[in-house]
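Keeping their order, the protein sequence lines are chains A and B.
Each residue of the first sequence is one higher than the one before, starting from 1 at the first, in the working numbering.
Each residue of the second sequence is one higher than the one before, starting from 1001 at the first, in the working numbering.
Please note that a few of the clues may not be correct.
The list that follows gives simulated cross-link-like pairs (lysine-lysine, BS3-like), each with its CA atoms no further than 30 angstroms apart [as the list claims (entries may be wrong)]: (1) B/Lys1404 / B/Lys1456; (2) A/Lys199 / A/Lys144; (3) A/Lys129 / A/Lys175; (4) A/Lys173 / B/Lys1113; (5) A/Lys199 / A/Lys175; (6) B/Lys1078 / B/Lys1256; (7) B/Lys1113 / A/Lys129; (8) A/Lys129 / A/Lys151; (9) A/Lys192 / B/Lys1113; (10) B/Lys1078 / B/Lys1456; (11) A/Lys192 / A/Lys151; (12) A/Lys199 / A/Lys252; (13) A/Lys151 / B/Lys1433; (14) A/Lys129 / A/Lys144; (15) A/Lys192 / A/Lys144; (16) B/Lys1256 / A/Lys144; (17) A/Lys151 / B/Lys1078; (18) A/Lys199 / A/Lys173.
I should point out that these hints are in silico values taken from the structure, not numbers from a laboratory.
Given the structure is predicted, the values throughout are model-derived calculations rather than measurements.
What follows is each chain in one-letter form.
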Amino acid sequence: MSDTTINADATQILGGGEAIIEVEGVDKLFGDFQALTNINMRVGSQEVVVIIGPSGSGKSTLIRCINRLERHDRGRISVDGIELSDDIRNIQEIRRETGMVFQSFNLFPHLTVIDNITLAPRQVRNMPKREAEESAMELLERVKIPEQARKYPGQLSGGQQQRVAIARSLAMKPKVILFDEPTSALDPEMIKEVLDTMKDLALEGMTMICVTHEMGFAREVADRVVFMADGQIVEVGTPEHFFDNPQEERTKLFLSQIL
Amino acid sequence: MTIEETDSGVVRPLHSDQTPREWVQNNLFSSALNSGISVVSAVFAGLVLYFGVGWALNVDWEIVRANLRNFMIGQFPKDELWRPWAGGLALVAGVGVGSAGMARNAFDDATDKGLSTERPTWIGLLRRFWPILAFIGLVLTFTRTIQPTLGVLAGLGLFVAGRVIGWNMPHSIRRFSLHIIGLGVLALFTIVAGSGGLVAVVGGIMAASIVSTAVGDRLNRTVLGGKISALVLPALGAAAVWLVMSSINSFGYGWKEWGGLYLTLFVTVAGISTGMPLGILLAIGRRSQLPVVKGFCVMFIEFIRGVPLISLLFFSGFMLPLLFPPSAEIPDGITRAMIVITLFSAAYIAEIVRGGLQAVPQGQIEAAQAQGLSTGRIQRLIVMPQALRAVIPAMVGQFISLFKDTSLLAIIGVAEFLQIATIANTQQDFLGKGLQPITYTFVAVGYWAFAYTMSKESRRLETRLGVGTR
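Extracted from the complex, chain B is given alone in its bound form (with noise of 0.2 angstroms):
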């Protein structure tokens, strides 16, 4: 048998019309040199299993075990930890019942243009999140009082429910599907912050995409309508980007204390929501006409980009204060870390834009053109959708670099998930007993969990939007 024959045997997932021995036979032992390989990769990996395995189950995890709630939410103060637990619960039933209207949005959507779909199953769901459920199962397994897992299980039966009501809405509130969502969201912001700024910044954007999806089609219809949205809209966005500026100091209840996993996702979400539409206008602003406004974006995105991240924030959180008066307000530290990191991302994100704003042919302007579009219509509507669908893979990539990038924030002091394992490894009871391994291993999951769910949604989105197929 030659190689090329063993290369056409390509591995596929278990089809009915195998059974499992001829599956075996077909793609793992099909020629002496496949049979070879498959012999010494399933004796590498049993090597790694049994010593691995092995190892995890013989340390002692007391180091995890005692530090948990550290790992999760840092110092967050003790009496307030109901907050984050009744947050979490609403943005998990918000999410069940959005993310259900959402599936079944589409799904009608793609059932009335003939394609063929699946309906989401539970089995779908669990194969899909099956890393971070996974991770939650494993924490469950180092609590000491009963108190979180009721609280997962409350989580877990929320969601399902809302799901069911997600699903079997009718389409009137269907279309509010990712506002409710929202609506999670800034439940989880009044719950956990208390009061503040955000909340009613995140609120008053809300408020005003559901006005434009309940009444924009109205509007639209006559040129009154499409100057009001066109007037209103971006008054109401001025007034929440001066709430954001005054209110930049409370993003919650205890600020100062957040840490852990929990600060970890924070970040990594505002640095995803708030990085992805910057990077965008700078990868327009990039493509511009006007001299000025494409040299500041050439300027910033090549600055940032031509600087390692960690200098970056070594010189927001120590050097930047010098730079102002003692009597001057600036943000705190975790907050200019954070603003960092998302002009980081913004940088790159504008870049990987910018190579999907390439991709997409010039005749696809022209024909847009030649129909009498303007030309914010044409980027909004014709441009970015191909751009952004092109660059998928490389944008999630990208939210992935900056969820692990999160551990840098250690460097200027701030308790993020990898930060907690050092600081466990230097507690008095632990100091000097060589338990890195554990707390690391512990931490790397956690990452691992987020990062491959990720990775996996995004495969997942270009099937969807079928990238490269048309």
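With the rest of the complex left out, here is chain A (with noise of 0.2 angstroms):
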């Protein structure tokens, strides 16, 4: 494809292998709103996408959907080769391939670090207590805070918090693991040390939807930038294209009221 023209399909894989998230031609209202339209996305596993867009785009919609956090209204949506539909195995399996790190971390208050990360596994896998724990403090280690696990999420640092979070994400060893937009809560000295943890695990070769603003992260990490507004994919390309040679422009508008 020339650089002139705009291109605006998601299906096409960069970077990765064979395509292990399916979105096609999905829509999502909530009520008379229409949060999604037509949207169409593949992502390869080990490929790590990055959506960007103004607030109200429909990003996180999308993302959630994936998970059956929100259902979505008309389309197909698969994880691994398995449908999501109704059928609450199926919503079950595709939330066991694939983690989440939630903007406000979402750490459950009342357990311990290592308890938080052990629960997914022990209740849902049947992993015995002590193996678990051995996993997640392997986790703990990855994520830079073996130290921390027998504290409360109350008594870490927002950075400490989402880098548990996203060690409890690993815990269940998904697929995929979507991330709604995990540096927004935290001050601008923990971001980093979040993000230097979401590189780490791009480049074990995790495959990775980051819904983000932070737009080095996108230049530095992403296989692809996904562009979204008013709830469709206007624009999409690899960082080199998207931040240097923006065509659409919504996207330039949005490029140069957040650079």
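Each chain sits in its own coordinate frame; assemble them with the hints.
Structure, rendered in structure tokens:
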């Protein structure tokens, strides 16, 4: 494709292998408000896709549809070959394959860090306590806070809490991790530690979809950047294409506002 | 000096860096206004104390002395009095061992987590339970024989020994601390009731619980284990319910003769321990998506909350029997009243719990869903613990209400604690002598001792669970 044509096709996988997430013709309505309109997207395994766009553009809604925190109204979503339907077993299976990291961390305040991480493996995968704790400690070392294992979330800084949340989402050994604005609730000095953790994950080959406003992260780590506005995919491209040579007026306007 | 400055001098406990003189100066006489308030309050408190104590020392407490056993246990047969005593001692020993074991578990756990905690001390226990201990002391001053004092001393000795044993026993036994308390309760029931379905029920539930604690971890590791615990435990529960239904008429030896503080406390404990789970179920039911379940729960809660407790008690006491043929066997009056009180507090607890459930952020549920947890597990492991923790103050308030509401049992002719005072006042020896202030003061002190202890314990629980801090 030439640099001058606008590319809004998000189904073409870059830098990855087989498609692991497929979204076809998805619409989502909140009452009368159309949050998503005819979204088509595919994400390959080990690919890092960053979704950007103004607030209210449907970015979060899109990734929340992928693990059925929101129910899509039309279209088809499948994760690792499992199609998302109203069947609770399908939903549970997909949720086990996908981790999610939230803007507001959503750690369980009544459980210690290690209990936060071991809860799902023990409850959902029936993993014995010792084994679950051993792998939780490995994860905590990966996010570089093993010494906080016995504390409660309320005793940690925001950056540390978000790293625990990342470790928790990894505990189920998911194939994909969905990041929903993971650094938006953090103080500036804590953003870097979380982004570094995410970069490490990307380098290790984790498949990731990140909704974020961190353009530096997008430029450095993303295989593809997807720009959304008003519930539609407006423009798709490599980070270089995207930040150096955006085509669509809407994209240029957005980038000029935030860069 | 301005009032703002007065406000900043909040009343603090005596710190080591302040002499008593400085404390008084900073907190009671920091400004002209504050000094004035302090003096007026002191004079008022002094007057109340002077006349109150003066009255208490001057009146003849003979009516309380003569009715002391009535106040404590009602018309319980004299020959069988050893039963509550022996049962009480067993309970005290069990509570001593179990509570110390639980305290040790919590202490070790906190140490393990690197939190700073203090070891429980005897002084600390005294400060926690002084109102009840003071009331027991007061009661003992009214006794005419030596046996009650000996009994209480034996109880204290057993409790102290139990605490020491409980604190020092190995972890493998401390795991069962709660069950040891349960064993105490079971012993009390067994001894007081002689025999009966209730013992079987409590024993059955306990056995199930001990088994699940002992082997639960191991069982849940396999899918088969999960199925066993999912099928067997409900089956045991069902058996327990059946036993309750079949034994509801025989709570214990001389059930119909139970009375006084003993009955009041029994109804309170039974009401709390059955009303709370029921209330939680109702709260969950009210949030259910199934219209039938939701409708039933809403109707039940709103009906109960819309009707005075007294009218429900009247209905269960006098009208319910009329609705059944004379040949039908229905539970006796006290049992029916107890069921009414339990249902009544369940409806209120349901609304309290619902408030707590609403306070749990949606993000908590989403985070758990995103991990693939099932709805039931999310409720049990994520939502409920946070919701219940948030409503401890309101919940304990409801428990205290229930405790005091048991006095309404009097209107259907049950001789509970307060009713004994009324009965004593109309005895031939004391009738028409205007002794009501004496008996009612004694009863008030008794209610206060227990209610205040509950309230203190609730605040302690709040601090320990860190309500509002994490």
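A quick look at each hint next to the structure:
With a C-alpha separation of about 16 angstroms, the suggested pairing of lysine 1404 of chain B with lysine 1456 of chain B holds against the 30 angstroms cut-off. Between the alpha carbons of lysine 199 of chain A and lysine 144 of chain A the distance comes to roughly 13 angstroms, so the proposed pair stays at or under 30 angstroms and holds. A threshold of 30 angstroms between alpha carbons decides the hint, and for lysine 129 of chain A with lysine 175 of chain A the separation of about 23 angstroms falls inside it, so the pair holds. Under the criterion of a C-alpha separation no larger than 30 angstroms, the hint pairing lysine 173 of chain A with lysine 1113 of chain B is consistent with the structure, at around 26 angstroms.
Under the criterion of a C-alpha separation no larger than 30 angstroms, the hint pairing lysine 199 of chain A with lysine 175 of chain A is consistent with the structure, at around 16 angstroms. Our distance criterion of 30 angstroms between C-alpha atoms is met by lysine 1078 of chain B and lysine 1256 of chain B, whose separation comes to about 14 angstroms. Between lysine 1113 of chain B and lysine 129 of chain A the alpha-carbon distance is near 17 angstroms, which keeps this suggested pair within the 30 angstroms criterion. For the hint pairing lysine 129 of chain A with lysine 151 of chain A, the CA-to-CA distance comes to about 18 angstroms; that is within 30 angstroms, so the pair holds.
Under the criterion of a C-alpha separation no larger than 30 angstroms, the hint pairing lysine 192 of chain A with lysine 1113 of chain B is consistent with the structure, at around 28 angstroms. The straight-line distance between the Cα atoms of lysine 1078 of chain B and lysine 1456 of chain B is roughly 35 angstroms, outside the 30 angstroms bound, and the hint therefore fails. The straight-line distance between the Cα atoms of lysine 192 of chain A and lysine 151 of chain A is roughly 22 angstroms, inside the 30 angstroms bound, and the hint therefore holds. Our distance criterion of 30 angstroms between C-alpha atoms is met by lysine 199 of chain A and lysine 252 of chain A, whose separation comes to about 26 angstroms.
Restraint check: the Cα-Cα separation between lysine 151 of chain A and lysine 1433 of chain B comes to about 65 angstroms, which exceeds 30 angstroms; the hinted pair is violated. Using a Cα cut-off of 30 angstroms, the hinted pair lysine 129 of chain A and lysine 144 of chain A holds, with the two alpha carbons roughly 22 angstroms apart. Under the criterion of a C-alpha separation no larger than 30 angstroms, the hint pairing lysine 192 of chain A with lysine 144 of chain A is consistent with the structure, at around 13 angstroms. Among the hinted pairs, lysine 1256 of chain B with lysine 144 of chain A is inconsistent with the structure: their alpha-carbon atoms are about 66 angstroms apart, more than 30 angstroms.
A hinted pair counts as satisfied when its Cα atoms are at most 30 angstroms apart, and lysine 151 of chain A with lysine 1078 of chain B does not qualify at roughly 56 angstroms. Between lysine 199 of chain A and lysine 173 of chain A, the direct Cα distance comes to roughly 18 angstroms. Compliance with the 30 angstroms bound is thereby established for this hinted pair.
Of the numbered hints listed earlier, those contradicted by the structure are 10, 13, 16, 17.
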